[in-house]
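Undergrad: So you can see what is in the structure, the chains are spelled out below.
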Amino acid sequence: MQNNTMTDVMAAAVKAQESADYAQFMINNLWILVAAALVFIMHLGFATLEAGFVQKKNVVNILFKNSMIIAIGLMTYCLSGFNLMYPGFAEGSSGYFAFAGFGLTPPEGGMTAEYADYTYWSDFIFQAMFAATCATIVSGAVAERIKLIPFLIFATLFVAISYPITGAWKWGGGWLDAMGFYDFAGSTIVHSVGGWAALAGIILVGPRAGKYTKRGIRPIQGHSMPLAAIGVFLLFFGWFGFNGGSVLSADPELVSLVFVTTAMAAAAGAIGAFFTSFIMFRTYDLSMVLNGILGGLVGITAGADIMSVTDSIIIGLIAGIIIPISVTMFDKLKLDDPVGATSVHLACGIWGTLAVAIFGDCDDCGTYGAQITGIIAIGVFTFLFAFILFFILKVTLGIRVHEDEEETGLDIGEHEMAAYA
Amino acid sequence: MQNNTMTDVMAAAVKAQESADYAQFMINNLWILVAAALVFIMHLGFATLEAGFVQKKNVVNILFKNSMIIAIGLMTYCLSGFNLMYPGFAEGSSGYFAFAGFGLTPPEGGMTAEYADYTYWSDFIFQAMFAATCATIVSGAVAERIKLIPFLIFATLFVAISYPITGAWKWGGGWLDAMGFYDFAGSTIVHSVGGWAALAGIILVGPRAGKYTKRGIRPIQGHSMPLAAIGVFLLFFGWFGFNGGSVLSADPELVSLVFVTTAMAAAAGAIGAFFTSFIMFRTYDLSMVLNGILGGLVGITAGADIMSVTDSIIIGLIAGIIIPISVTMFDKLKLDDPVGATSVHLACGIWGTLAVAIFGDCDDCGTYGAQITGIIAIGVFTFLFAFILFFILKVTLGIRVHEDEEETGLDIGEHEMAAYA
Amino acid sequence: MQNNTMTDVMAAAVKAQESADYAQFMINNLWILVAAALVFIMHLGFATLEAGFVQKKNVVNILFKNSMIIAIGLMTYCLSGFNLMYPGFAEGSSGYFAFAGFGLTPPEGGMTAEYADYTYWSDFIFQAMFAATCATIVSGAVAERIKLIPFLIFATLFVAISYPITGAWKWGGGWLDAMGFYDFAGSTIVHSVGGWAALAGIILVGPRAGKYTKRGIRPIQGHSMPLAAIGVFLLFFGWFGFNGGSVLSADPELVSLVFVTTAMAAAAGAIGAFFTSFIMFRTYDLSMVLNGILGGLVGITAGADIMSVTDSIIIGLIAGIIIPISVTMFDKLKLDDPVGATSVHLACGIWGTLAVAIFGDCDDCGTYGAQITGIIAIGVFTFLFAFILFFILKVTLGIRVHEDEEETGLDIGEHEMAAYA
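Protein chains in written order, with my numbering: chain H, 1 to 421; chain U, 1 to 421; chain R, 1 to 421.
This is chain H alone, in the form it adopts within the complex:
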């Protein structure tokens, strides 16, 4: 070593620095990928949750829709969605709409200086796993009476056009981002977007036959509580990737905080729903507790990276309280939602976005004005888009199965197959 010149030594230090930086890049990138896989498993969570909450005669149909939605989501996001959501708005752009062109255009080796923390491919796959989520939310809400093909057309166009446009307003650096709207992992951008579209679908497709009768609301029980519970636990599991991956790096402080706030909000959601549903219905209602967990998760999603543990518990608790109230309210309005998707994703999505303004305590945490603007702007756009699209489908292909088919079940009607032989 005595013969090392100063230049040699500096070169060794620089190389060591590069190796260390590359190690950090590797770990950041790997976390985005693992998180993408966790978000993927949420699609199984949705599939089983929805399958559990529908009647036995409509199970093949819901599984079919969920299997196709993930496929459609990945394909459309690859074809256009990614470039519509992350268009790289031109400087001075108003940030409402831009499109970076069809297909994926990875930089050399899938990496670029822009991606200090992960590759182009990791960015795409993580975002693509998110994209299909909003369509899945709709799937559950309109289950048991919507026609398959119109629904799949809806899902394709909704994921291809509506979701990325509103997503770009914030995550693509658009106008909502510029005005300070805060939505960490998508209480609004993903969940309430799914919820608004679900609401539009519910209004246009109408309630299931026999649900709202002259003698009152007839509960239509889901056919398998184990499937529903499997769904909720898998969604909880996947949410560690959904929220944890949204840190967009493996930053130890942030990712671990996000794990804690996410889990505590879910736990508090269960407890909020437990007590509220007992007070309201005088029974220990499993579906309320399950949806309470999901409500807590949706509620924390907008601010999972900025909340204290106490905040996250309060947010989750309120989300859990919202669930049975919201489910009851939607039922009173004769808006029939077999899985409670509007309560979980729309009501708690709005709540979580507002909670950022209430509890958030940082410079860019979203004022009331910014949060409400975001909720309304994205809500109006999404609801109108979904309503018009469902309406066009209604007057052209029709969106509702024949009443005989509804009676017999969509499994035989659409798929000539029973879920349980």
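Don't read these hints as lab results, they were simulated from the structure.
Careful, some of the hints might be misleading.
The list makes no distinction among identical chains, and a pair is therefore deemed to hold if it is satisfied within one copy or across any two copies.
[Said to hold, decoys possible] The calculated lysine to any residue pairs, modelled on SDA-like cross-linking and capped at a C-alpha distance of 20 Å, are:
#1 K15 to D251
#2 K15 to F25
#3 K334 to L204
#4 K56 to Q221
These numbers were taken from a predicted model, which means no experiment stands behind them.
Could you slot chains U and R onto chain H? The hints should help.
TA: Same frame as chain H, now just chains U and R:
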């Protein structure tokens, strides 16, 4: 570069070192988080395993309990459990009991010099996921006849008080740690703790109606073997996080060894149970093989980081042999355990803890004396705590459902809902 | 710092470099372990997929087989398979067969210079999780009529001998590797190997009673589409580890590309099967879409690290188109495969291996000659091995259950137990 001074170059080397250290911190921390997520999914494993092993009429109840247990576990561990289990015993303390106060008190940014390998938040969430496990074990053992609310009260107090106190004796640096007791990931501290409480509950709640008749033991079959199998595979999957994460870093040598010993013990457990149950019952008994896998996993847990592959296979094999023998023995004693939790978690938990003394080959691997002391001390404390608590609940609220309700099923009785509509 | 000598500074730079290199080693190793856990969960995927596709009366049997296969796979791979598949062919060896001895022989600390990116243990456990896969594939194809014990003997010998020998030809650095055969993660080495053995089994065990009647082919519906769907989603999830881990490091560029090609091929597989099965059968066939996803995954497996996104979509789409055609063809040939394993793993495994020659665009991407040689050589060896082994079992123990048992179901016949009480 010619103009670099010695000081510049040293600063570059120091900065490179810091970046490399931070990269290691990132990866260690990420592994604890991923492991926490894996331990979380074990709760779905328990939920489906127990649901599968109970009768159709009690499925909603078991799912409800498991959904609430994870919520209660996270909440109580956050409120007091974490600070009771890791109180930081004062120097010179006897190491039996200390409490660091209510709520979480993270250092600035969630990190501190104490946590060289992971953040405060990661530490909490990983440990919190463990905490609820012991209550889940009880849930299965007393299933199909215990009242919901008394059980939830039991679970809350057990997780809040009993589990952290005995846990502190070893993992919190208490008196068992000082005397050389070795329990890597919790054969005793988690599994037999759950098992002892389960035993206390079984004794006090009594067997299910019709199980032990004058004409002998009537097997009460579980209602869904697919659910049970899903549970076991998910538990196996999650155990990679349970044991692997207990290394408390991403240390390549240790974590990969732990993966191997864990998997091999599980495999050997299946094979041990396969042969033993065939010899005993002359049939190929799926529930024995499934519990054999779990027995192998519980057995290796105390020493997963110090065993050779051969050791791990022997430990798993013996655990698998224990399962059918233990199940038969508990049945002969008229201790009715619908899911075999006492055999899996108590019998194999004790076995695994003893195995450390038998096979362990390192300086701090636990002598027979230390291991037996730990087993007995934790066993006595836990059994008494659980027995007294269940007893108080029995004479106040009552812990057993009415025999009509047991006949009809707890799903209708406690939840006014059937698992399968 | 002024007192630092040149030697001190260089030592600091060297130490920083070592720390950075170790950080990279940690992350590479951790990814292999996480990937191994993901491949493990594929065994639950297979178990639920196969359980869903068989009749209610044979569910315990299929779960039993799958539980034992993972145990047998791990044990035999530990005993001999690993050293047969990675024997370290001697220089100048013809690369057909070598054996490095029984048991595992880890280097000091489980690590060696040979394992720059991961430990010996990680290498073993990742490969061991793969090994059992090929037996699982057979399990589904011969379900509902094969005797349990002969099947388990078959599985043991197949995993212990046949799979590692052909695997060594490529992944162990044998003759197929030398001639340029390319199979990234095992379209041929794992999937078609399972498929060929399945075909041999199907031929020798014969179709299920009542499947091929004088009045034509009678479809025998699977008993639970939710279980089948759970299986496919879990397999998709696990495939991120199967293909992503096969990079054998956490290389950001390659692993993230593999995630994208894997997911896109699966999505395209669903879409290909959707349209093709609609054209062929005029219905929306859930089992075809589910198998289309799996077909796409098998198809991309041979070249997941070298394909463009467009390539991966085309490969998946064609795999999806193959599925209903292949299923129909096997049925026409009266080769009865309850789960479609031959179509998914054999037909699409061959397709994926050929696709490397068609789409591959790199120096070592496998010529048509090399790919076809590999497909045929491994196919012939595997088929003959499996055929002879099944044949010996047939003439000795018998491989088919009695027709009464087939009628009643294997659950009662072999296990004295019903899947659903």
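Undergrad: If a hint holds in the structure, say so; if it does not, say that too.
TA: Results of checking the hints against the structure:
1. For the identical chains of this complex, K15 and D251 are inter-copy neighbours only, at 18 Å across copies versus 23 Å inside a copy, given an alpha-carbon limit of 20 Å.
2. In the homo-oligomer, the alpha carbons of K15 and F25 lie at most 20 Å apart both inside one protomer (15 Å) and across protomers (17 Å), since each shortest distance falls under that limit.
3. Within a single copy, K334 and L204 get their C-alpha atoms as close as 12 Å, which meets the 20 Å cut-off; across copies the closest is 48 Å, which misses it.
4. Both within a single protomer and between protomers do K56 and Q221 lie at most 20 Å apart by alpha-carbon distance, with minima of 10 Å and 16 Å respectively.
Violated hints for the displayed structure: none, as all numbered hints are satisfied.
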